[in-house]
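> Given next are the chains, with one letter for each unit.
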Amino acid sequence: MRTLTFFLVCLAVAAAVFVLARLVGNDYVFFAGYVVLQYIVLATAWNILGGYTGYVNFGSAAFFALGAYASVFLHKAFPVVTTYFLDEPYALPIPALIVIGAIISGFVGLGMGYLTLRLRGAFFAIATLALAVVLQTLITNWSYVGGARGAYVIRPNEIEPIGPYIHYLFLLMLALVVIALTVARSIERSRLGLGFAAIRDDELAAEASGVPTLKLKLIATTISGALMGMAGAPFPYYIGYLQPSSAFALDYAVNSIAMPMIGGTTSWVGPLIGAVLLGTLQQVATVTISSSVNLLIVGLLIVDCVIIAPTGILGLLQGRRTARDVVADQAVFALLFVINVIPIYFLHQEALSARPLEIIFWAVLIFLALARGRMIGLPWLVALPIVGAALSVVPGPSWLWLVSALTLVICLACGLLLRPREAIVRSGTP
Amino acid sequence: MTAPIEVDTPLLEVDNVSKRFDGFVALDGITLSVAAGERLGLIGPNGSGKSTLVNCICGTLANEMGTVRFEGATMNGLTAHERTRRGLARSFQLPRPFTSMSVAENLRVPLLYTVNARSGPHLSAAAIDERAAELLSLVGLADKAKQLPRDLTQVEMRKLELARALAADPKLLIADESMAGLSNTEVADIVALLIRLNERGITIILIEHIMRAVMSFSQRLVVLVSGKKIADGAPDEVIRDPEVERAYLGQ
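Residue numbers (this note's numbering), protein chains in the order written: chain U, 1 to 430; chain B, 1001 to 1251.
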């Protein structure tokens, strides 16, 4: 019953998101939003196996691509010949393709699980990576679905009664998000979720407590694979031209691991937070700075998250780790500080429109200075990066940037060289 | 609790079981039978094969030769969780709690996956919570129910290990060194607890180095040395057996 309530709340939120997106009145919102939603589904799906059960899957892209290529195959195998060439070449509606994609990926997940789940830890991770490579090779050499040169899937411009086709795709992906989150949450609170957690914590003890570990792991890979396949099924219609390198892109594998890790892996909220944050950031970065700095930003943000919040943002919010722990070691403080200065430097050389992205890293610097400043008894230390941020983000003469850099150097030096107050008292220096 | 089956049918029969790790013979043709309702002590020097025997009985390891029978039915080929569901529970030598779960949740795992997986009436959610609370007060962890295992002391961790094994509502409990590192009074507490459980109908195999505990607990004593059973009988006689003395003094 509670699951039903959750499902309805999710539906209401999804409806609100759709209405809001319509109100913005710009199709770009739909194109960017679709990708973020797709990542929510992928991250949630990954987390069911990786987060709940503790088996790291590097092959997310394979399941995603299977869903996508199943759609391409069906699109080619069952075209309906009608007088309207562009409007009605689709025999199967996308919801049907999603179901088929889910079934195929679910079966492959089951098969992969059956073959590999007797392996533990790193071996399992490598096996999933191998699966992705094998599948990519097969698809690349299968000319019916386009092979290496790729396949065109022409989507209609409009669909009744929704309007632009991208709105329809966006709506479908919203529905998938609702399904994925409901599945994840209901697993988490069920007997199944308890069994998954037992496997993650200690497989031997789980087995001794009567948990059928192999069966549960197979259930996890199947559900996880099916959800990923669902996310992939509408993809050819979104992208219009599907080739193996875009369906099997490393982004899917990396993001579906990074997003739950950043958000927190023990709850359905974690992947959601991670996917929304990282997904949105990636979309914003792609638009504002169309260069490889994009990757640098995302990469460094992941480094930040791993050091500051190893149990995810959820863990940080639940107070499992305090600011004091993060900066207790001056070397860690200095490393983190420098890591966050690097993207600011690169972003500063980009277009002015990239300046807002700097704020994220300035915020981390301010957080670090605040925590370290309190620890060494210099609360004013936090003022330095704040001044630096103000000088840097606000457009002005270029020498202001030098002043800003100077404040950072002072802040770093103070944080690195001054010891915590207790140590000073003990050594007797004023 | 489970009703004791016919007195003369052995609950557990280990018949000529052997286990080898590469060239090393860990178990060499062990034959052993445990009657329902019995309290058996299993001792032996380090590396004598006690834990390997437990692992073979519980299905964590597969034995190469021989048969393990439980209530007359062979268990060869059954996985560990199937054996647990048949009524065979163990506690681990080094506590292996589910670290992300609270103490009470640790007990919910066997309650949901063993007790409720058996045929017959299932426990409701409320009954499960009640049973978990009951077991925790039995081992003396009632006030720690909401804590995480990492906040427990070593002693409490061992008690949790025991409670989790009991939560599976076993006919046979194998307690693998539940008392290492405990003080005298704590050892006495656990021995008393095990005897109380035995009186409720649970057959218990105790594997222990603390001789005082073994002697006060066991009705029968089995001694393993280098993977072989060298003695099996009343504790007082076994302990005076020259071969046993040699094995212990010789190490």
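The set of hints was computed from the structure by calculation and includes no laboratory data.
Hints may contain errors.
[Unchecked claim] Simulated restraints, written as ranges between beta carbons of each label pair:
# : chain 1 : residue 1 : chain 2 : residue 2 : range
1 : B       : Pro1121   : U       : Tyr241    : 58 to 64 Å
2 : B       : Ala1126   : U       : Ile342    : 54 to 60 Å
3 : B       : Ser1137   : U       : Leu250    : 49 to 55 Å
[What the hints assert, rightly or not] Heads up, incomplete: computed chain B residues facing chain U, CB under 8 Å, no partners named:
#  : residue
4  : Phe1024
5  : Asn1076
6  : Thr1079
7  : Ala1080
8  : Arg1085
9  : Met1101
10 : Tyr1113
11 : Ala1142
12 : Lys1146
13 : Leu1148
[Stated by the list, open to error] To give a feel for the contact side, a few chain B residues facing chain U, derived at Cβ under 10 Å:
#  : residue
14 : Thr1084
15 : Arg1090
16 : Phe1092
17 : Ala1167
Treat the numbers as computed from the prediction; the structure is a model and nothing was measured.
C-beta atoms are modelled at their ideal positions from N, C-alpha and C, and glycine is treated no differently.
> With reference to the structure, classify each hint as holding or not holding.
Now the hints, each set against the structure:
Between proline 1121 (chain B) and tyrosine 241 (chain U) the beta carbon distance is about 59 Å. The supplied range of 58 to 64 Å therefore holds. Between alanine 1126 (chain B) and isoleucine 342 (chain U) the CB atoms are about 56 Å apart, so this pair conforms to the stated range of 54 to 60 Å. Evaluation of the 49 to 55 Å hint for serine 1137 (chain B) and leucine 250 (chain U) yields a pass: the beta carbon distance comes to about 54 Å. Contact between phenylalanine 1024 (chain B) and chain U, as hinted, is not supported at the beta carbon level, the nearest pair being about 21 Å apart and thus beyond 8 Å.
The beta carbon of asparagine 1076 (chain B) comes no nearer than 17 Å to any beta carbon in chain U, farther than 8 Å, and the hint placing it at the interface is violated. Using the Cβ-Cβ criterion of 8 Å, the hint placing threonine 1079 (chain B) at the interface with chain U is satisfied: the shortest such distance is roughly 7 Å. The interface hint given for alanine 1080 (chain B) holds, since its Cβ lies 4 Å from the closest Cβ of chain U, which is under the 8 Å cut-off. For arginine 1085 (chain B), the interface hint holds, since its Cβ comes within 8 Å of a Cβ in chain U; the closest pair sits about 5 Å apart.
Residue-level restraint check for methionine 1101 (chain B) holds (minimum Cβ-Cβ distance to chain U is 6 Å; threshold 8 Å). Nearest Cβ of chain U to the Cβ of tyrosine 1113 (chain B): about 4 Å, under the 8 Å cut. The hint holds. Because the closest C-beta pair between alanine 1142 (chain B) and chain U is about 21 Å apart, greater than 8 Å, the hint is violated. Hint on lysine 1146 (chain B) is violated. Least Cβ distance to chain U is approximately 15 Å, over the 8 Å limit.
Of the supplied interface hints, the one on leucine 1148 (chain B) is violated, with its beta-carbon coming no nearer than about 10 Å to a beta-carbon of chain U, more than 8 Å. Interface hint at threonine 1084 (chain B): satisfied, since its Cβ lies 4 Å from the closest Cβ of chain U, which is below the 10 Å cut-off. The criterion of a C-beta within 10 Å of any C-beta in chain U is met by arginine 1090 (chain B), whose closest approach is roughly 6 Å, and the hint holds. The interface hint given for phenylalanine 1092 (chain B) holds, since its Cβ lies 7 Å from the closest Cβ of chain U, which is under the 10 Å cut-off.
Using the Cβ-Cβ criterion of 10 Å, the hint placing alanine 1167 (chain B) at the interface with chain U is satisfied: the shortest such distance is roughly 8 Å.
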